[in-house]
Amino acid sequence: GEDVEQSLFLSVREGDSSVINCTYTDSSSTYLYWYKQEPGAGLQLLTYIFSNMDMKQDQRLTVLLNKKDKHLSLRIADTQTGDSAIYFCAESMGGSYIPTFGRGTSLIVHP
Amino acid sequence: NAGVTQTPKFRVLKTGQSMTLLCAQDMNHEYMYWYRQDPGMGLRLIHYSVGEGTTAKGEVPDGYNVSRLKKQNFLLGLESAAPSQTSVYFCASSPGTANTEAFFGQGTRLTVV
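These protein sequence lines map, in sequence, to chains A and B. In terms of this note's numbering, the first sequence has 63 at position 63, counting the first letter as 1, and numbering is strictly consecutive. In terms of this note's numbering, the second sequence has 98 at position 98, counting the first letter as 1, and numbering is strictly consecutive.
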């Protein structure tokens with residue numbers, strides 16, 4: 001939906017870092033999520049961040065949250081070909097517990 | 001633990017035909033959702049349910065109906081299929097708490113000719 005915006009494509013070289021950006025509109029979102037969708041599969045939760053946090057790190061993944069600008073980013077260090085997928089940013093709208101997704105960013109990793 | 005299971009995985013319908021997509025979850029989740037995924041459009045919410053016996057409209061409900069007679073099942077019906085309903089349909093469920101991590105099925109690829 002238009003409440004969550006992402007760029008549609010990102011191309012990186014294997015071994016480089018990838019940064020996928022997302023902006024959202026609902027300042028009351030409690031949790032913000034990153035999902036990964038591999039070809040022909042459903043979405044799987046990659047990581048999430050609670051709204052009172054600025055950063056969360058999980059192995060190669062770093063999530064940064066700027067609440068003032070309503071900006072969320074996902075950084076993947078040492079990007080591998082297996083990271084090629086569509087990445088969706090999602091928020092839960094103001095207590096409704098209904099996740100709203102962005103359009104997804106297709107990450108293409110080339111040698 | 002099967003998680004969220006969708007049936008069928010693929011289907012081809014003729015315009016005007018009807019069908020029902022079945023979603024089953026074994027995690028005792030309160031919330032269930034139906035999304036459709038189209039190229040460049042991301043995931044759009046069709047209908048959702050916050051508990052057994054309740055349903056509500058999402059962003060794109062026209063042409064679809066749903067039922068949640070049992071907590072573990074959420075059915076999506078197309079009464080009279082149209083080519084515009086060609087899409088990949090995903091069912092998801094979540095506990096219905098503040099952390100709304102959603103668990104997704106593998107999807108149903110529907111083509112209406």
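These are computed hints drawn from the structure, not numbers from a lab. Among the hints, a few may not be true.
Derived SDA-like pairs: lysine to any residue, alpha-carbon spacing no greater than 25 angstroms straight-line [what the hints assert, rightly or not]:
#, chain 1, residue 1, chain 2, residue 2
1, A, Lys36, B, Thr15
2, A, Lys36, B, Arg44
3, A, Lys36, B, Ala24
Okay, the calculated beta carbon distance ranges per label pair [said to hold, decoys possible]:
#, chain 1, residue 1, chain 2, residue 2, range
4, A, Phe9, B, Pro83, 20 to 30 angstroms
5, B, Gly77, A, Glu14, 21 to 31 angstroms
6, A, Asp54, B, Gly77, 42 to 52 angstroms
7, B, Glu30, A, Glu38, 26 to 36 angstroms
8, B, Lys14, A, Phe50, 44 to 54 angstroms
Virtual Cβ for every residue (Gly too), placed ideally from N, Cα, C.
- Task: Please test the hint of 44 to 54 angstroms on the beta carbon pair from B/Lys14 and A/Phe50.
- Result: holds (48 angstroms)
- Message: Between the beta carbons of B/Gly77 and A/Glu14, is the distance compatible with 21 to 31 angstroms?
- Response: violated (45 angstroms)
- Does the Cβ distance between A/Asp54 and B/Gly77 fall inside 42 to 52 angstroms? At roughly 44 angstroms between Cβ atoms, B/Gly77 and A/Asp54 fall inside 42 to 52 angstroms, so the hint holds.
- Message: For the hint 20 to 30 angstroms, verify it against the beta carbon of A/Phe9 and that of B/Pro83.
- Response: holds (27 angstroms)
- Query: Holds or violated: A/Lys36 with B/Thr15, Cα cutoff 25 angstroms?
  - Reply: violated (33 angstroms)
- Item | Given hint B/Arg44 paired with A/Lys36 - CA-CA distance at most 25 angstroms | Within the cut-off at roughly 16 angstroms; holds.
- Satisfaction of the hinted span 26 to 36 angstroms by the C-beta atoms belonging to B/Glu30 and A/Glu38: holds (28 angstroms)
- 25 angstroms Cα cutoff - pair A/Lys36, B/Ala24: Given pair A/Lys36, B/Ala24 holds - Cα atoms ~22 angstroms apart, limit 25 angstroms.
Against the hints set out earlier in the document, violations occur for numbers 1 and 5.
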